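*Asks:* What follows is each chain in one-letter form.
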Amino acid sequence: MAKPNLALIPAAQGTKLYSVLPSDGSGDFDYTRGSSATRINAQGLIESVANTSSRLNYPLLDGKVVGCPHHLLEPQRTNLLTHSEDFSGYSSTNLNIISNQNISPSGVLNGTFLRPTTTNGGHQIYKNTSLTAGTNTLSVFIKAGNYSKFRLYFYDGTTAHEVYGDSLNGTIHSTNSTVKVESYGNDWYRYSVTATNASTSVGNYTIRVTNESYQDNWAANGVDGLYIFGLQFEAGSYPTSYIKSSGSATTRLAETATGSGSAATFNDSEGCLMAEISALANDGTFRSLTISDGTVTNRVMFSYLSTSNSLRAYIRNASGEVFSFTSGVTDSTTMVKTAIKYKENDFQFWVNGIKVGTDTSGTTFSSNTLDNLMFDKGDGGDKFYGKTKQVQYFDTALTDTQLEELTSWDSFSDMAEGQLYTIE
Amino acid sequence: MGYGEIYNTTWWGNAIETASSIGTKPDFVSGQFTMDVRSGGVEAVKCLADWTHTTALKDLNN
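Residue numbers (my numbering), protein chains in the order written: chain A, 1 to 424; chain B, 1001 to 1062.
It should be emphasised that the hints constitute simulated quantities derived from the structure, not laboratory data. The structure displayed is predicted, hence computed values, not measured ones. A virtual CB, placed ideally from N, CA and C, is assigned to each residue, including glycine. Where hints are given, some of them may not hold.
Below 30 Å or equal to it, Euclidean Cα-Cα: the simulated DSS-like pairs (lysine-lysine) are [stated by the list, open to error]:
id : chain 1 : residue 1 : chain 2 : residue 2
1  : A       : 244       : A       : 64
2  : A       : 3         : B       : 1058
3  : A       : 3         : A       : 355
4  : A       : 355       : A       : 343
5  : A       : 355       : B       : 1058
6  : A       : 343       : A       : 3
7  : A       : 244       : A       : 180
8  : A       : 244       : A       : 127
9  : B       : 1058      : B       : 1046
10 : A       : 64        : A       : 180
11 : B       : 1046      : A       : 3
12 : B       : 1046      : A       : 64
13 : B       : 1046      : A       : 343
14 : A       : 127       : A       : 180
With the C-beta cut set under 7 Å, the calculated list includes, among others, these residues of chain A facing chain B [to be verified]:
id : residue
15 : 1
16 : 3
17 : 18
18 : 23
19 : 25
Pulled from the structure, derived: some chain A residues nowhere near chain B, Cβ distances all over 10 Å [unchecked claim]:
id : residue
20 : 13
21 : 35
22 : 45
23 : 158
24 : 176
25 : 194
26 : 202
27 : 244
28 : 307
29 : 415
With the rest of the complex left out, here is chain A (with noise of 0.2 Å):
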């Protein structure tokens, strides 16, 4: 295997994604973020990462850290919630809320817990609010003490969009939205309540505790209850990472990452781009890894599309188009190893070891054009959110065989890490 020019190797934050190749730090990616985000650590807690610092974010599964961390690159987003953690101002029907009582998924004592009263009724903590109509996600940490199933909802007026749960193991029960639900460890799991709601002026927010037979209206016994942590409401289709709020509405601002390399860095006549992503969801968009000159004139780029599960390999110079391909995936939120080779009449594109797509004619780029490797299009448009393990450029066109290497797994249990399947 020859030697990358360029090697984005996440194992560093601060304010670039910092390459080990070069040596000498032409490789590193301008970093943007202009507020604090959160992050998963090496230890799986929840982490606050500082404004403009990069975010090294740790895989899960089954609530454990599983192997090398990604970089995380995310949109836009707001906590819609004034208080994320402190639920005491929250409204509440036959429940009692106690803060402080179990370690939370960030490693503090700041777990609440949800004790419903010996009244037969509903038991509920809720806020009430107006909504914006569009499409929204609620999320919430959810432990189980002695009682653990509950209905998580947001009501826009006219329809509450929910799911029922049992947070001793995770699982749904029922639902009428799109539901999402991770483990975080230490028995917590987060659940997402996606739908499109109704604009409303009297919608609410709510997590009732519910019997085992997952009914509203019940009397518990006034001593077991659940716990709860980290309640965010965001406009969009899938749930982002965790965005604490004490006090008001809090954005955490979207992330780009720019500038990597120079004219010297990339071979305008062959070369292969190699990278290790996955997307946040399937959520419509074009999300783009791009060397480029700056332009979407000349480039070559992976973008996962609008249209779900689709990645595809593109190049275009200054006479037009010369290659594009595009490769159904699995799941789009799923690491893949994916590398696109150029050269004069030999184009090809490589998803997990498998050779997907060819051409063999074409040309490539002038002299002095590609000189930047950036997550997005090439102009700045169509930025890449998702998860990257790695990034490596060459400045040859590789063999068939280097490229099978290059983009499969190095084992059954490599495979089934680095796309977090667990073997059973």
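Place chain B on chain A using the hints.
*Replies:* Only chain B this time, still in chain A's reference frame:
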């Protein structure tokens, strides 16, 4: 002590182990070192070391 067993201890432990196995590929070793300096400290030491080690050996045998 075999490859990979000391990477989690210290950055220097990682660098020494990696350098001893891929000493003829100084770019890989200096890449780790300069990245550590530029970033103010590599966090995922073993991940970087494993990639460097594996990739450098492949290059060495190329």
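*Asks:* Looking back at the numbered hints, which does the structure fail to meet, lowest number first?
*Replies:* 13 and 20
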